[in-house]
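**Q** As a plain string of letters, each chain reads:
Number of protein chains: 2
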Amino acid sequence: MKGKTPAFRAVILAGGSGERFWPLSTPERPKQFLRVFGGESLIRQALARLDGLVAPADAFVVTTKNLVAATRKELPEVPKGNIVGEPMRRDTGAAVALGVGMASGAGDPVVGFFSSDQMVAKPKEFRKVVKRAVAIARRRNAIVTIGIKPGYPATCFGYISPKTRAFVEKPDAEKARKYVRAGYLWNAGMFIARASVFRGAFAAHAPELECLAKSGGDAGPLAPAALARLYAALPKISFDYAVMEKAKNVEVVPGDFGWDDVGSFAAFDKYFPHDRRGNVREGPCNVVEAEGNICVARSARISLLGVKNLVVVTTPDSVLVADKSRVAEMKKLFSR
Amino acid sequence: MKGKTPAFRAVILAGGSGERFWPLSTPERPKQFLRVFGGESLIRQALARLDGLVAPADAFVVTTKNLVAATRKELPEVPKGNIVGEPMRRDTGAAVALGVGMASGAGDPVVGFFSSDQMVAKPKEFRKVVKRAVAIARRRNAIVTIGIKPGYPATCFGYISPKTRAFVEKPDAEKARKYVRAGYLWNAGMFIARASVFRGAFAAHAPELECLAKSGGDAGPLAPAALARLYAALPKISFDYAVMEKAKNVEVVPGDFGWDDVGSFAAFDKYFPHDRRGNVREGPCNVVEAEGNICVARSARISLLGVKNLVVVTTPDSVLVADKSRVAEMKKLFSR
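Chains A and B supply the protein sequences, listed in that same order.
Under this note's numbering, the first residue of the first sequence is numbered 1, with each subsequent residue one higher.
Under this note's numbering, the first residue of the second sequence is numbered 1, with each subsequent residue one higher.
Accuracy of the hints is not assured; some may be wrong.
Simulated coverage check for chain B against chain A, where a stretch passes if three residues somewhere in it have a Cβ under 8 Å from a Cβ of chain A [said to hold, decoys possible]:
1) 286 to 292
2) 322 to 332
Going by beta-carbon spacing under 7 Å, a handful of chain A positions derived as facing chain B [said to hold, decoys possible]:
3) V288
4) E291
5) I302
6) S303
7) G306
8) V312
9) D317
10) S318
11) L320
Since the hints were derived computationally from the structure, they do not count as laboratory data.
Every residue, glycine too, gets a C-beta built ideally from N, C-alpha and C.
Turn these sequences into a full structure, and let the hints guide you.
**A** Here's what the structure looks like:
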């Protein structure tokens, strides 16, 4: 370590199979390319949100092999070499390890991991909190995570106990209420630490991922063939499970900046205005005596008559009609 | 009246606004052009059903002005002059009167009225019953109607009392059950009588329509401008209400030949095979944990997830998603 303040680099994790927002998203254009919120794609928003904290040259993206070209096109200001595709999906454990390897370098930079498909309503507040987390990561031998102040007892997120710093899995409804009462925070998948601290954590808790975390930097990037060979042997394991649930050197910085995961079409209910019957519409939708529907017309005009709580989406190739309460089960449409 | 057996001529009533099967049907291609049942359009089936009873030269069609060309194309064997378009919609009272005028001629033929958009499961039995009705109409100064043996206590059809020969309007559910128990028959809108008998009935009960019923035949058809002027002054009134509810010289011939009105998408449930969850499908439909839906994919592929009792129809221009119990209210989609 030198006396100079180490750089802050950001890695945007941008995998995604395009299933949960199908047919708006597809395997070739997964969720992070969605333009429904505020005009810009979610991945552009993820980068723009770090404006002032991270220069484009210090931004990295870990995505899947088939999405590298689309990602480079979407983020032309990021150096091409900073956008790398995983040869296959191995969950966030491998993605974080690869990102640590890519973002490593002289001066042991602080590396922060962020998702490509999240919403932040208050980006200024977000930047403040990230700054705080980066400052802690600079000073201490710790992985700093940003814990989100829960807006409601969600069952679709993991939680973090701010006292014990324990990471806990997605709870059922009852446990979720208990967690919220006890002051637990949502695990938003944001991790910030010096590259060396991440490497140490992999060495200690997930040695099978250590090699990836040590690639890049001075060692230079792995050749595609080597990367493919390495990935084929890796376990599918999340970073939470591989490292965060075991590490003792965890710091939690609470954040409250209108964060959301944009996990499914149900999120449209939160971000779009409703008509007086609770319908959310985009494009030509003729809605008659219908309530609580999400109606997205990207090609043919949609007419709804007397239906309730549906998600109806049209694209030139596909029409989705799903019960709103079932959108978490979108995968079932692709299981044949 | 001469000693020679008078001819039998058939008039197919083919109006229709295309609303009830929208978007499969449209104002330019209303229900009678639908090809979903058995491959042929409903209007072709209506004509074919009379095969052996009516020569194409003795078949007539009353349709709306804008549908004349499409109808002539659909029924090329019918003489062009036998297919006439009403200048505006004036309900079945005017349509029957115009049909009587068109089909009148030497020898006072028997004229039968049939709808263009009905289903008959047993056409052979249908022809037998029509023959019986025609024979009665030849002999007697009566309007013969074919009353359908009810399959269930329908509330969407009018009924005929076989004893009093009284025509009664569409009943509520309770009355419908009473009618069925009492042996009432469905009013299928089939009327058969000598042209002179129809003319006499108009003269007696609906003199405002008499002029139309006397056009055609020896008098020659009305010029389009004269027809338009005449129609503009006509009341919108059904033939049932204008004539049948008042006439005393009514004969009822019961029929049981698998008749149905094909009134709405709900009819698909009767005529198409179901999958094991009660869904009816045409075209590429991916149906996951969905029940009782009618799914017609004419352009984009439809995916249903977890939805129940919907009608989902796609065409290149439009997507309809309606609750199955609401399809009778399709008009509401066009009321703006």
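**Q** So which hints don't hold here, by number, going up?
**A** 4
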